[in-house]
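Each chain, written out:
Number of protein chains: 2
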Amino acid sequence: MNDVSRRDFVTTAAAACSVIATTHANAAAPQSSKQGPGVYRFRLGSFELTALYDGTWFRKIDGAFVRNATSAQVDRALTSAFLQPGIVPTSFTPLLVNTGTRLILIDAGTQGQLAPTAGFLNESFAAAGIDPKAIDLILISHFHPDHINGIKDQDGKRLFPNAEIFVPEPEWAYWMDDANLSKAPANGRAPFLNTRRIFGDIASDINRYTPGKELAPGITSIAAFGHTPGHTAFAINSQSHALLVLSDTTNHPWLFARHPEWQGMFDVDGKQAVATRRRLLDRAVVEKMLVTGYHFPFPATGHIVRAGAGYDFVPVMWQPL
Amino acid sequence: MNDVSRRDFVTTAAAACSVIATTHANAAAPQSSKQGPGVYRFRLGSFELTALYDGTWFRKIDGAFVRNATSAQVDRALTSAFLQPGIVPTSFTPLLVNTGTRLILIDAGTQGQLAPTAGFLNESFAAAGIDPKAIDLILISHFHPDHINGIKDQDGKRLFPNAEIFVPEPEWAYWMDDANLSKAPANGRAPFLNTRRIFGDIASDINRYTPGKELAPGITSIAAFGHTPGHTAFAINSQSHALLVLSDTTNHPWLFARHPEWQGMFDVDGKQAVATRRRLLDRAVVEKMLVTGYHFPFPATGHIVRAGAGYDFVPVMWQPL
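For the record, the sequence lines run as chains A and B. Sequential numbering of the first sequence, starting at 0, is according to numbering that gives the first Met the number 0. Sequential numbering of the second sequence, starting at 0, is according to numbering that gives the first Met the number 0.
It is possible that some hints are incorrect.
For identical chains, the list gives no copy identity; a pair is met inside one copy or between any two copies.
Unchecked claim - With a straight-line Cα cutoff of 25 Å, these simulated SDA-like cross-link-like pairs (lysine to any residue) come out:
{"no.": "1", "residue 1": "Lys59", "residue 2": "Leu320"}
{"no.": "2", "residue 1": "Lys151", "residue 2": "Gly128"}
{"no.": "3", "residue 1": "Lys33", "residue 2": "Pro319"}
{"no.": "4", "residue 1": "Lys151", "residue 2": "Gln318"}
{"no.": "5", "residue 1": "Lys33", "residue 2": "Ser237"}
{"no.": "6", "residue 1": "Lys59", "residue 2": "Gln318"}
{"no.": "7", "residue 1": "Lys182", "residue 2": "Gly199"}
{"no.": "8", "residue 1": "Lys287", "residue 2": "Pro314"}
{"no.": "9", "residue 1": "Lys33", "residue 2": "Gly128"}
{"no.": "10", "residue 1": "Lys33", "residue 2": "Thr100"}
{"no.": "11", "residue 1": "Lys33", "residue 2": "Asn121"}
{"no.": "12", "residue 1": "Lys270", "residue 2": "Gly309"}
{"no.": "13", "residue 1": "Lys132", "residue 2": "Pro29"}
No lab work stands behind these hints, which were simulated from the structure alone.
Please work from the sequences and hints to get the whole structure.
Take a look at the structure:
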């Protein structure tokens, strides 16, 4: 149909009914059914950082997601964010730091070993134009599977073969301890066993750090115990710009920033986790630091403000570099 | 350096000083200096929608961005969102609707003809795996340059050669009227002239619709006058799911949702723009509709809630399809 006859046709159709332009189609375009690449870059002083989306675990609450809140309270927090009740969408966003001379990855994603809706980190690396083999250093915040599984694929092959791996010493001490494994209840053994699966045969390659230490120029670890016994946050500083990597001190912000007193069922020491959360969120507020949260909605980057008795997360505005 | 000697080296370095792991680097990885692809997909009933980021114009306020607010008030609104005072980051996010049989683009981006930090729509199309030639239909909300410039490149070549173009009749009547052009002040002539540049030689190809009409099955135009005399919003409905395309009824949400009474300097009829904004935002709240806003922070999709005397924008949570 050429331009003139198409125009005539549309004019006729418009005259004939109130629905116009419905009958012309170049082709039935296939729907993609695939999310766009989850890559968000930002500058921090002379550093370039990249938030890399690994996916989202749609985690059913089953009445036991928060120890000191009812399911109805959790559902209210979810629906206030226009999320479905009964399911906490837990996303995973490792953070890559390019200092100009080194590529440093903070936490390693899931490699599809946790939920079918997560495991897109390799695609995000590809979309970012980064070869995982180029990673120099991996900093691990703690040993929950969604942070360490990405070190190896399901066949045990290392995905970042040239990266040194640094882990918190107290995390190693807790999860690798056979007495702790044997004391664990039946439904609590999995992370102990998973830790052995990931680190057992490469134990001599793993560098253990004491939280509090500077791990690379501008990257300092921060003891943030409670969520797990050696759980660690990080401060990244470059040219007077500062970022606080919250790791898992605050899970989904609509739940745990809004309700900082809530103790997640996954916190090894709930009371300590709450105290740590308040300390870090207060620091972010007072110092107006940019923050990232591993489970914050992608791009998982923004600021923290006080709101009522809790806090709000203000997402960063997507922009060109 | 093999694994063992690297480990020895690191152990030695760790013993020597509190900064560890600083001296090993596989390579100086180049920084990318480029934002990730801005492609966000979501489902609405049987439709698949894609928000496509075109870029951000860092618009200097120069004391005259809001007619009925002081620069200090505008700066407070900006800094409350951790944005720089004095500059409104105005992003552009055209919306693609795949109905299953047709590809429909709502507004056309800037094609780099407005600011050097915008004009990435072609890259977003590529990252989304969509050929602009496959677009069947373009729906234009209004004739400001950032919505129509993308129809042609700077050489006048049409970028969506197979798309029918639908524009609001009252928008055509206003901007194509030579009496209105001649009445315009010197600094207000540009959009009149730009409208002629874009549409002048293809005028006979342009289909004009009366806002209120259904333009395709499930896509209904909504008269949303004020910002410009024919400014149009859209309601998209599929299988009882509903999306309200706000177009420019609300520019940056931290300014104009928070302060719905503010009249932008760019509003042709500021009072009418405010009334339209309240009507559409109220509808979004009451009907709990998903909304998109052309100038909302990418992915420019979420919900509206009441907050004090104004409204807040709750961004959608990035997730797999």
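| Earlier hints that do not hold, by number | Hints that this structure does not satisfy do not exist here, as all of them hold.
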